[in-house]
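Below are the chains, spelled out letter by letter.
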Amino acid sequence: MLIRFYDVTKVYPSGATGLFSVNTFIRQGEFVFLVGPSGAGKTTFLKLLTRELIPTRGQVLLKGRNITRLRPNEVPYLRRSVRMIFQDYKLLPNKTVRDNVAFALLVTEKPRKQILPLVKEALQLVGLESKAMMHPGELSGGEQQRVSIARAIVGNPTILLADEPTGNLDMETSWDIMEVLLRINKRGTTVIMSTHNALIVDGLRRRVIELDKGRIIRDDERGIYEGEAERDAVLPG
Amino acid sequence: MRYFLAEGWKSAKRNVSLISLGTMVVAIFVLGIFGLVLMNLSNINDQLRSGIEIRVYVEDNLTRQGLQDLKQKIEGVDGVGQVKYVSKDEGLGSLTRQLGDKAGLVDILGENPLPDAFDVRVLNPDTTSDIASIISGLPHVIGVNYGQGFTENFVAATRFIAVIGLVLAVILVGAVVFIVGNTVRLSLVSRAREIEVMKLVGATDWFIMWPFLIEGMIVGFIGSSVSGLCLYASYRACIGRLGSVAPFIPLIVETGPVVRLCVSLILLGVLMGVLAGGVFIRKYLET
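Taken in order, these protein sequences are the chains called A and B.
Quick note on the working numbering: the first sequence kicks off at 1 and runs consecutively.
Quick note on the working numbering: the second sequence kicks off at 238 and runs consecutively.
Looking at chain B on its own, in the form it has when it is part of the complex:
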């Protein structure tokens, strides 16, 4: 094993160029950026979905008993969690707060235009639209609102970015495999005589392959580690800035998920290195 490690390291040192290493670092870094963007979008999505409430508007002039009966019916719908009554006055108060300096609009309207309502929390955000449609069919309900369209659009946008990310990942992984493979190919050319002698004196294919696999592993590890570290440092810096500029965006601030992504990238780099080394040396030995 010591021989394989020494040979792999020697060869990597001799054959890896700054340009190929730099290209690889950039490729894995871009891959990591997409990973971070997707992780954050998914996080925002989860936050939004967990905060989803269905606002159920009810007919005016419903008696106290009528409101109580309706509340019970809503609570009886499968998947409904907490149900909270919002009187038209409370509704107007919160609207006024939301409008801020445009609150004068409410005065122009003259009277409170809002109906009484219930805020309904659902247990599983995926069932929001089904539950809303059941509730809208209940008697005395005049309408429901849960931000229809927004969450669906957000999920669709996230999916779109994920697909682009996946296509880009395939291209970038291909590029990294090619770069590492090219480094290994250079070693193969420079060690052609050595390999010929090895075969001649009875070395097994595995014995010949190990140093090249290790070389691929080393090149992959170096490239992806540099990318991983750069990615981590850049993300921390960005989060610091964004946190003060736009604190309302629920970005991932914990270290754990980001470190996990960086470690995954390093493992991916090592794996791609071994894969590229293996493919090229195998092909070489077969010819």
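Next up, chain A with everything else stripped away, as it sits in the complex:
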């Protein structure tokens, strides 16, 4: 098993509960949607996997290793295999597309000679080879998100976490992004994506974990955005 959450609770210093007694697992190579209303705990779930957060109680296991117990100097190495993309892309505006992607390898102190071919390959995968020398400001939102995906996958991580990656994009561009994420997942990278986009979740019919008030209230292998109970409640008859 790639990821395991054992009785994970996260309570913030403000007293707000991010997650409450969550037990779940995710297999290698899965594509998982995290759904639920704002404040349900989706981002907390993802941040526990990059060790941006430490649970108040419980354990998060990655390949059998309890990452809540990592020493601070071990966290960077975890983040090289668990990469994350965001709604706001988090690109560096003064660097070119190529340099933004290369940056992810540069900071891991990879030899420069090895960086360029890997960057080229990542840009190919997201379809942005031709825009390598452009700056983020010259790209559309969808293209910027693809750059951020290229930056996330360039080191060939085991897990790609996507925190509402289509949140700022129109439907057509969102599908383009989904196509890229599915391609990456097909290569063997486990993808966990939080989203509010019902059309995408319903259209792809992948595993869906639904959170509400920090608890898992649904976990369907080939799920849809809304739970059956909720849909039954609004459907006539």
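Keep in mind that the hints were calculated from the coordinates and are not lab data.
Note that the coordinates shown come from a computational prediction; the quantities given were computed from them, not determined experimentally.
Just so you know, not all the hints are guaranteed correct.
The calculated lysine-lysine pairs, modelled on DSS-like cross-linking and capped at a C-alpha distance of 27 Å, are [stated by the list, open to error]:
1) K321(B) <-> K520(B)
2) K436(B) <-> K63(A)
3) K310(B) <-> K90(A)
4) K120(A) <-> K95(A)
5) K90(A) <-> K131(A)
6) K95(A) <-> K310(B)
7) K110(A) <-> K310(B)
8) K247(B) <-> K113(A)
9) K213(A) <-> K247(B)
10) K520(B) <-> K308(B)
11) K63(A) <-> K47(A)
12) K95(A) <-> K250(B)
13) K186(A) <-> K131(A)
14) K325(B) <-> K310(B)
15) K95(A) <-> K325(B)
16) K90(A) <-> K436(B)
17) K436(B) <-> K120(A)
18) K47(A) <-> K436(B)
19) K90(A) <-> K325(B)
20) K113(A) <-> K436(B)
21) K110(A) <-> K95(A)
22) K47(A) <-> K520(B)
23) K325(B) <-> K110(A)
24) K131(A) <-> K310(B)
Using the hints provided, position chain B relative to the given structure of chain A.
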């Protein structure tokens, strides 16, 4: 390493302002002036102490044999170097020379008022007062004089200036650390997104810190080098002037000690730069 150096230099160029650099130059320059003053006072002190002699006055009418015996006794005291007999006539001659145009005073006195004496050199200036007190207890000795009080006062004054210098140094070092730290803090703010991305993609803390440490080092080096050069040039100019106006003051004229002080200031500047950069980036990464 090339990446760290390039980033550190770029950042220093972008964030260091003329005002902060100027303040730093002035702070280190003032620190250097105190260093020079202390070095010179210490030099004057050494010169004075190495020239200290105890003048031992002896009873009148002591026979030649008596004088010889006393000389041997003085030479027998631990820590005594050379002992030289000064007859009352020689004493008067040197007094007349010292008085210069006031030498008429000696004529008014009528007869030579000075007793016979010995000039005693000590091996270690620190033991002067102990040796003087032993000698003053010897028979036929009527008094000793080694400028009591003057050297002690001079040493006390030097110590006082050293303490003021130390307090000032602490304040100025604090100011320099603050100035460099502020420059690094500005870079931190302007590079917050970059640092966030670095952490996100797995950069180690050291990888993130290096450019900021180098930036602090560069800012510290530039500021302290300018101060060091100004200090050296000003000192050479001052020494030239003072040398002709007051040649009797034993100031340091050799290049070596002054250059060493300037180099120490530059190293101090670099060290403070690294320290300030390190403290601020560490604090930032911990939050």
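What are the numbers of the hints the structure violates, in ascending order? Hint check: 1, 3, 6, 7, 9, 10, 15, 19, 23, 24 fail, others pass.
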